[in-house]
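Visitor: Below, each chain spelled out in residue letters.
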Amino acid sequence: MSDSPLLELKGVSKNFGAVQALYKVDFKVHAGQVMALVGDNGAGKSTLIKGIAGIYPYDEGQVTFDGKDVSINSPRDCAELGIEIVYQDLALADNLDVVNNMFLGREKTQRFGVLDENGMEQAAKETLESLSVTTIRSVRQAVAGLSGGQRQAIAVAKAVMWNSKLVILDEPTAALGVAQTRQVLNLVRRLADRGLAVILITHNLHDIFEVADKVTVLRLGQNVGEYSPKTTTQQEIVHAITAGEMTHVPGMQEEA
Amino acid sequence: MATQSTTSTNSGTTQSLGDYIKSRMIRIRSGDLGSFPIIIGLIIIAIIFGTLSEGIFFYERNFVNLLLQMAGLTAIATGIVFVLLIAEIDLSVAYVSAVGGVFTTLMLRQEAANWPWWLAIGVALIITTLIGLLHGVIVTKAKVPSFVVTLAGLLAWSGVVLIMTTRFSTAGTIVIQDKVVLGIANSYLPMMWSWILAAVVIVIFTAMQFSQRASMLRQNLMVKPMAILLMQIVGLAVLLLGVVWYSNKDRGVPVAAIIVLFFLLLWSFVATRTRFGRYVYAVGGNPEAARRAGIDVDRIRIAVFMISGFMAGVGGIILSSRLRSVDTNVGGGNLLLNAIAAAVIGGTSLFGGSGRVSSALLGALVIASVENGMGLLGLASGTKFVVNGLVLLAAVLIDSFSRRSRENSGLA
Numbered sequence: 002m003s004d005s006p007l008l009e010l011k012g013v014s015k016n017f018g019a020v021q022a023l024y025k026v027d028f029k030v031h032a033g034q035v036m037a038l039v040g041d042n043g044a045g046k047s048t049l050i051k052g053i054a055g056i057y058p059y060d061e062g063q064v065t066f067d068g069k070d071v072s073i074n075s076p077r078d079c080a081e082l083g084i085e086i087v088y089q090d091l092a093l094a095d096n097l098d099v100v101n102n103m104f105l106g107r108e109k110t111q112r113f114g115v116l117d118e119n120g121m122e123q124a125a126k127e128t129l130e131s132l133s134v135t136t137i138r139s140v141r142q143a144v145a146g147l148s149g150g151q152r153q154a155i156a157v158a159k160a161v162m163w164n165s166k167l168v169i170l171d172e173p174t175a176a177l178g179v180a181q182t183r184q185v186l187n188l189v190r191r192l193a194d195r196g197l198a199v200i201l202i203t204h205n206l207h208d209i210f211e212v213a214d215k216v217t218v219l220r221l222g223q224n225v226g227e228y229s230p231k232t233t234t235q236q237e238i239v240h241a242i243t244a245g246e247m248t249h250v251p252g253m254q255e256e257a
Numbered sequence: 009m010a011t012q013s014t015t016s017t018n019s020g021t022t023q024s025l026g027d028y029i030k031s032r033m034i035r036i037r038s039g040d041l042g043s044f045p046i047i048i049g050l051i052i053i054a055i056i057f058g059t060l061s062e063g064i065f066f067y068e069r070n071f072v073n074l075l076l077q078m079a080g081l082t083a084i085a086t087g088i089v090f091v092l093l094i095a096e097i098d099l100s101v102a103y104v105s106a107v108g109g110v111f112t113t114l115m116l117r118q119e120a121a122n123w124p125w126w127l128a129i130g131v132a133l134i135i136t137t138l139i140g141l142l143h144g145v146i147v148t149k150a151k152v153p154s155f156v157v158t159l160a161g162l163l164a165w166s167g168v169v170l171i172m173t174t175r176f177s178t179a180g181t182i183v184i185q186d187k188v189v190l191g192i193a194n195s196y197l198p199m200m201w202s203w204i205l206a207a208v209v210i211v212i213f214t215a216m217q218f219s220q221r222a223s224m225l226r227q228n229l230m231v232k233p234m235a236i237l238l239m240q241i242v243g244l245a246v247l248l249l250g251v252v253w254y255s256n257k258d259r260g261v262p263v264a265a266i267i268v269l270f271f272l273l274l275w276s277f278v279a280t281r282t283r284f285g286r287y288v289y290a291v292g293g294n295p296e297a298a299r300r301a302g303i304d305v306d307r308i309r310i311a312v313f314m315i316s317g318f319m320a321g322v323g324g325i326i327l328s329s330r331l332r333s334v335d336t337n338v339g340g341g342n343l344l345l346n347a348i349a350a351a352v353i354g355g356t357s358l359f360g361g362s363g364r365v366s367s368a369l370l371g372a373l374v375i376a377s378v379e380n381g382m383g384l385l386g387l388a389s390g391t392k393f394v395v396n397g398l399v400l401l402a403a404v405l406i407d408s409f410s411r412r413s414r415e416n417s418g419l420a
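Just so you know, the sequences run in chain order A and B. When we follow our numbering, the leftmost residue of the first sequence carries the number 2, and every step to the right adds one. When we follow our numbering, the leftmost residue of the second sequence carries the number 9, and every step to the right adds one.
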């Protein structure tokens, strides 16, 4: 784990009209680290992520990525930095096979713009093998026939295939059973072990204590603390989520 | 089986014949029937009409007629396949094809425009493609369902056809006055050329298959058994040479059939081997996934409507050439329904994302065979409609049953 964070947000805020969705949030994640982002509904998790994704750029605050100040104003900026986001609905095309989904929008071509199917199949297999995803029988199988955990694995593999440095996973285990949750958490761990930074948005405290190195708790748009699961109990985190101490009372004007 | 099909072990090898057949059987049993039902259907149709017509159905002359009858329909259905792949519909194709046919015919009139054939055809195809562009832009930008936009197109373009045909002739019938355009559906490839063409296609197919196989082996991917590959090559050769041989016993292979074959190969290539084709399937399967992958979904949709318009134009010119003239009825009748039915019977899903360009050919073959057979039997048009309806229903039922069993086995 390196000393300086890969991604650091300093004092980012975001308003939607009168609603203060984020207020001076500090947040950081290191390479090789799984950072869990937790909070109740409406705590600002999604807004924070959408700021990183360039969907709703922050109103104020500083974003540093890989030691450089950056401004992310569109999803394209985000992808160019090497940040990939796996949304909850995964966005896979059921009728296409695993290879086609992993390369969708970034197909390899050979002469005359002809698709390089073999090259893509090879690269897809390598990526899946490097992530130890062994449950998929054939990469030429339509995604429709895969289980929830397998689909999640494909979506993650798709995200890491492009030399990404930071992968953001939005509730990857929300719809999964016990065995599949374990597979996905193992996959999350392997991403960090490969040196990627991972932000894991989750509602499930069990997931956090299973894989996360650090936990950032948001409450009503503010960062109410960063914890380390090794030295924290579940109670403390639950307390922070529901009653974490805030520096600023929402709706009140700032003094001075 | 278990070790053969995992991704990690045993790559870069040839799948054994037994494993190949086994995996195929699993797919068939789980409802992935491919072209199997339609080939069975064609055999049944051939037996029924062959028997009822006392063999006339199988005459060389009738076979060539059948090729001519299905050419225009296949062209139009090819465009429909693309539209169905993105889960849209184009109800205007029949009259758009008529616009293409009538425009070409009008521009060839010696007493008026007297354009050369290539200019008339070229401009006609540009016009029908632009009509597709117009439909596509309205569907994507105004977000009106394609069903409504192309229904309006159906009405409007039928009016345009009527205006164009009655303006220059009181009878409403205009004869095509150009040898080349007439020749499209009324001339035949010299016998020697048809043999050479078939041989060239077989050689190219074989070369492509083997180079593909070599590159897959180089990259450690699993390839299908050599026996299956050889069977496919021999199958294609028998089919093509059979068609050429049988046609040559009569008048020869119609030029129109060659034109349609060219477009089928072209669009098959576009659909399966290019980014554009991949995006068409992605937009049909999950537009949101396509959008997030950075695909300009609207542009793909518009392009597909342009393909539909273009192929309708091609079909329309072939159909008018076959009748040697255009009249006020062109584009009417059940041309639209036959074109959509051909795509669906051939196995293209109405719900987007699944189907092949070749389904236009297979579906058109079924429809043209049934119409041709009933024509030989001299059935009343009422009976013809009923039978056509039943054939379409049967195709949709097979599709529905196979989808259900695919869902049950978790493949749909």
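It is possible that part of the hints are untrue.
As the list claims (entries may be wrong) - Non-contacting residues of chain A with respect to chain B, defined by C-beta distances greater than 12 Å in every case (computed):
#, residue
1, PRO58
2, ASP90
3, VAL144
4, ASP214
5, THR248
What the hints assert, rightly or not - DMTMM-like mimics (lysine to aspartate or glutamate), calculated; alpha carbons at most 25 Å apart, straight line:
#, chain 1, residue 1, chain 2, residue 2
6, A, LYS166, A, GLU9
7, A, LYS166, A, GLU246
8, A, LYS25, A, ASP98
9, B, LYS30, A, GLU81
10, A, LYS51, A, GLU81
11, A, LYS215, A, GLU227
12, A, LYS25, A, GLU127
13, A, LYS69, A, GLU108
14, B, LYS232, A, ASP78
15, A, LYS109, A, ASP70
16, A, LYS69, A, ASP98
17, A, LYS69, B, ASP335
18, A, LYS29, A, GLU127
19, B, LYS232, A, GLU130
20, A, LYS69, A, GLU127
21, A, LYS11, A, ASP67
22, B, LYS232, A, ASP98
23, A, LYS215, A, ASP98
24, A, LYS215, A, ASP27
25, B, LYS232, A, GLU108
26, A, LYS166, A, GLU130
27, B, LYS151, A, ASP90
28, B, LYS187, B, ASP335
29, A, LYS109, B, ASP335
30, A, LYS109, B, ASP27
31, A, LYS51, B, ASP335
32, A, LYS11, A, GLU130
33, A, LYS109, B, ASP407
34, B, LYS232, A, GLU127
FYI, nobody ran anything at the bench for these hints, they're computed from the structure. No residue lacks a Cβ here, since even glycine has one placed at the ideal position from N, Cα and C.
Visitor: Each hint: holds or not?
Guide: Hints and how they fare:
no.: 1; hint: PRO58; in the structure: 18 Å, holds
no.: 2; hint: ASP90; in the structure: 8 Å, violated
no.: 3; hint: VAL144; in the structure: 9 Å, violated
no.: 4; hint: ASP214; in the structure: 29 Å, holds
no.: 5; hint: THR248; in the structure: 36 Å, holds
no.: 6; hint: A/LYS166 x A/GLU9; in the structure: 13 Å, holds
no.: 7; hint: A/LYS166 x A/GLU246; in the structure: 32 Å, violated
no.: 8; hint: A/LYS25 x A/ASP98; in the structure: 43 Å, violated
no.: 9; hint: B/LYS30 x A/GLU81; in the structure: 45 Å, violated
no.: 10; hint: A/LYS51 x A/GLU81; in the structure: 16 Å, holds
no.: 11; hint: A/LYS215 x A/GLU227; in the structure: 7 Å, holds
no.: 12; hint: A/LYS25 x A/GLU127; in the structure: 42 Å, violated
no.: 13; hint: A/LYS69 x A/GLU108; in the structure: 30 Å, violated
no.: 14; hint: B/LYS232 x A/ASP78; in the structure: 42 Å, violated
no.: 15; hint: A/LYS109 x A/ASP70; in the structure: 32 Å, violated
no.: 16; hint: A/LYS69 x A/ASP98; in the structure: 38 Å, violated
no.: 17; hint: A/LYS69 x B/ASP335; in the structure: 72 Å, violated
no.: 18; hint: A/LYS29 x A/GLU127; in the structure: 31 Å, violated
no.: 19; hint: B/LYS232 x A/GLU130; in the structure: 22 Å, holds
no.: 20; hint: A/LYS69 x A/GLU127; in the structure: 32 Å, violated
no.: 21; hint: A/LYS11 x A/ASP67; in the structure: 14 Å, holds
no.: 22; hint: B/LYS232 x A/ASP98; in the structure: 18 Å, holds
no.: 23; hint: A/LYS215 x A/ASP98; in the structure: 36 Å, violated
no.: 24; hint: A/LYS215 x A/ASP27; in the structure: 14 Å, holds
no.: 25; hint: B/LYS232 x A/GLU108; in the structure: 24 Å, holds
no.: 26; hint: A/LYS166 x A/GLU130; in the structure: 19 Å, holds
no.: 27; hint: B/LYS151 x A/ASP90; in the structure: 24 Å, holds
no.: 28; hint: B/LYS187 x B/ASP335; in the structure: 19 Å, holds
no.: 29; hint: A/LYS109 x B/ASP335; in the structure: 49 Å, violated
no.: 30; hint: A/LYS109 x B/ASP27; in the structure: 30 Å, violated
no.: 31; hint: A/LYS51 x B/ASP335; in the structure: 60 Å, violated
no.: 32; hint: A/LYS11 x A/GLU130; in the structure: 37 Å, violated
no.: 33; hint: A/LYS109 x B/ASP407; in the structure: 33 Å, violated
no.: 34; hint: B/LYS232 x A/GLU127; in the structure: 21 Å, holds
Hints 2, 3, 7, 8, 9, 12, 13, 14, 15, 16, 17, 18, 20, 23, 29, 30, 31, 32 and 33 from the earlier list are contradicted by this structure; the remaining hints agree with it.
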